[in-house]
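Trainee: Here is how the chains run, residue by residue.
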Amino acid sequence: MSETLHAVSVEVNGKPRSARVPARLSLVDWLREDLFLTGTHVGCEHGICGACSVMLDGEPVRSCLMYAVQAHGHRVTTVEGLAKPDGSMSVLQDSFCETHGLQCGYCTPGMLIASQGLLNSNPSPTEEQIRDAIGGNLCRCTGYQQIVEAVQLAAERMAKDGT
Amino acid sequence: MKSAAFEYARATSTAEACELLRRHGEGAKLLAGGQSLVPMMAMRLVRPAWLVDINEIAELKFIAVEKDMARTGACTRQCMVERDDALAARVPLLRQALAWVGHVQTRNRGTIGGSLAHADPCAELPLVAQVLGARMLLRSAKGTRTLEAEKFFSGPMATSARPDECLEEIHWPAWSWRRTGSAFTEISVRHGDFAMVAAAAQVSIDGDGRCVRAAFGVGGAGGTPLAFPKIAARLVGTRLDDAAVTDAAHAAATETEPGSDLHASAEYRRHLAGVLAARALREARERARSL
Numbered sequence: 001m002s003e004t005l006h007a008v009s010v011e012v013n014g015k016p017r018s019a020r021v022p023a024r025l026s027l028v029d030w031l032r033e034d035l036f037l038t039g040t041h042v043g044c045e046h047g048i049c050g051a052c053s054v055m056l057d058g059e060p061v062r063s064c065l066m067y068a069v070q071a072h073g074h075r076v077t078t079v080e081g082l083a084k085p086d087g088s089m090s091v092l093q094d095s096f097c098e099t100h101g102l103q104c105g106y107c108t109p110g111m112l113i114a115s116q117g118l119l120n121s122n123p124s125p126t127e128e129q130i131r132d133a134i135g136g137n138l139c140r141c142t143g144y145q146q147i148v149e150a151v152q153l154a155a156e157r158m159a160k161d162g163t
Numbered sequence: 164m165k166s167a168a169f170e171y172a173r174a175t176s177t178a179e180a181c182e183l184l185r186r187h188g189e190g191a192k193l194l195a196g197g198q199s200l201v202p203m204m205a206m207r208l209v210r211p212a213w214l215v216d217i218n219e220i221a222e223l224k225f226i227a228v229e230k231d232m233a234r235t236g237a238c239t240r241q242c243m244v245e246r247d248d249a250l251a252a253r254v255p256l257l258r259q260a261l262a263w264v265g266h267v268q269t270r271n272r273g274t275i276g277g278s279l280a281h282a283d284p285c286a287e288l289p290l291v292a293q294v295l296g297a298r299m300l301l302r303s304a305k306g307t308r309t310l311e312a313e314k315f316f317s318g319p320m321a322t323s324a325r326p327d328e329c330l331e332e333i334h335w336p337a338w339s340w341r342r343t344g345s346a347f348t349e350i351s352v353r354h355g356d357f358a359m360v361a362a363a364a365q366v367s368i369d370g371d372g373r374c375v376r377a378a379f380g381v382g383g384a385g386g387t388p389l390a391f392p393k394i395a396a397r398l399v400g401t402r403l404d405d406a407a408v409t410d411a412a413h414a415a416a417t418e419t420e421p422g423s424d425l426h427a428s429a430e431y432r433r434h435l436a437g438v439l440a441a442r443a444l445r446e447a448r449e450r451a452r453s454l
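So the protein sequences, as listed, match chains A and B.
Going by the working numbering, the first sequence opens with residue 1, and the numbers climb by one from there.
Going by the working numbering, the second sequence opens with residue 164, and the numbers climb by one from there.
Hints are all accurate, no fakes.
Pairs of lysine-lysine, DSBU-like flavour, derived with a Cα cap of 35 Å:
| id | chain 1 | residue 1 | chain 2 | residue 2 |
| --- | --- | --- | --- | --- |
| 1 | B | K224 | B | K165 |
| 2 | B | K305 | B | K230 |
| 3 | B | K314 | B | K224 |
| 4 | B | K165 | A | K84 |
| 5 | B | K165 | A | K15 |
| 6 | A | K15 | B | K224 |
| 7 | B | K393 | B | K314 |
| 8 | B | K393 | B | K230 |
| 9 | B | K305 | B | K224 |
No lab work stands behind these hints, which were simulated from the structure alone.
The shape of chain A in the complex, shown without the other chains (with noise of 0.2 Å):
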């Protein structure tokens, strides 16, 4: 059968980006499959374990739970986009490499965009702050101390560059 399709225009990681896709097309499967975005991974598809975290409009959502349709008119940053401009790492990124803030890294693209949205509207965070923003992203390889670890270092470096 074919299917209706949609045109969208989403801005996503400050560059607009257009498409006709269908209705059904997760968000995460677009990021993925038709712009290659592959730093944004697909765990549960249900909503579970936080892996396909993205931002829209600058805060956190599960991408598995959104229909590509429905980014229409928004911003989405993946992964890809929390680098600095000349592709190195962000901050953030660079403490998880820091205090082995990951192992398989399955879920760091998860983590990194939910620590990321915490350190955006709280640059000092609490330890039960930072167990709080990152309660929705599951992870089996660290025990999560690291990667809390990883979440302050960062904390740390921001206050004393003052970025």
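Fit chain B to the given chain A structure using the hints.
Mentor: Positioned in the frame of chain A, the structure of chain B alone reads:
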């Protein structure tokens, strides 16, 4: 884990959404935040022929704090309600309950009306609506009507809203006594999951510490969230001492008819209903006393 094919329409006004519902009948579903509907569609538990997206309807997103109530548009995001200090001052149970709802990512997208219309008997916001006696304004192409929470929730995942109706607005009663305290608590397997059992309470006390109004209820212990207005009325005039609170909570627990499932037996849920209702009432009392 991909949704079955459906037709999609993005409504730009409530009137347009109602007209789309009228036209497409029972095969159409409203798409609000999608935090429950989209997973159900991904698992193909539901396969609507049409989705009517109400996310871009500006008139459904607002918070208005008035003298004796707060009004919220049905498509107001949970994160907006959570952050609103004026609302938290007048209807504190909303922020207290939202602390238990999902995660940052789901509250950024999830809506107040979506949670109420989904009517999961374990969900937090339906319990708050039931305990406070919130009123739901429903609109269809034929007109509007208002339903009390008690009439709105009709069973597990079921409401009295007709397939052609759109939940438009929710009225949350605000209590006028200065010394009013409320509390929300629950037990779940993991924080952010639906509750095994949840409890919410709100009490007002006079200058002498005597209860002048009380309301409480439990979720997860029946097909709908449950409130116990008759038992709560017996607390009026008492000093809400621990014995009175425990009696009320246990009387409520014996009225519950929870089911058994993988997560908890009916017996355990009934036990939790009593323990958590007492805990919520005591916390609400302490907050009222501190004012």
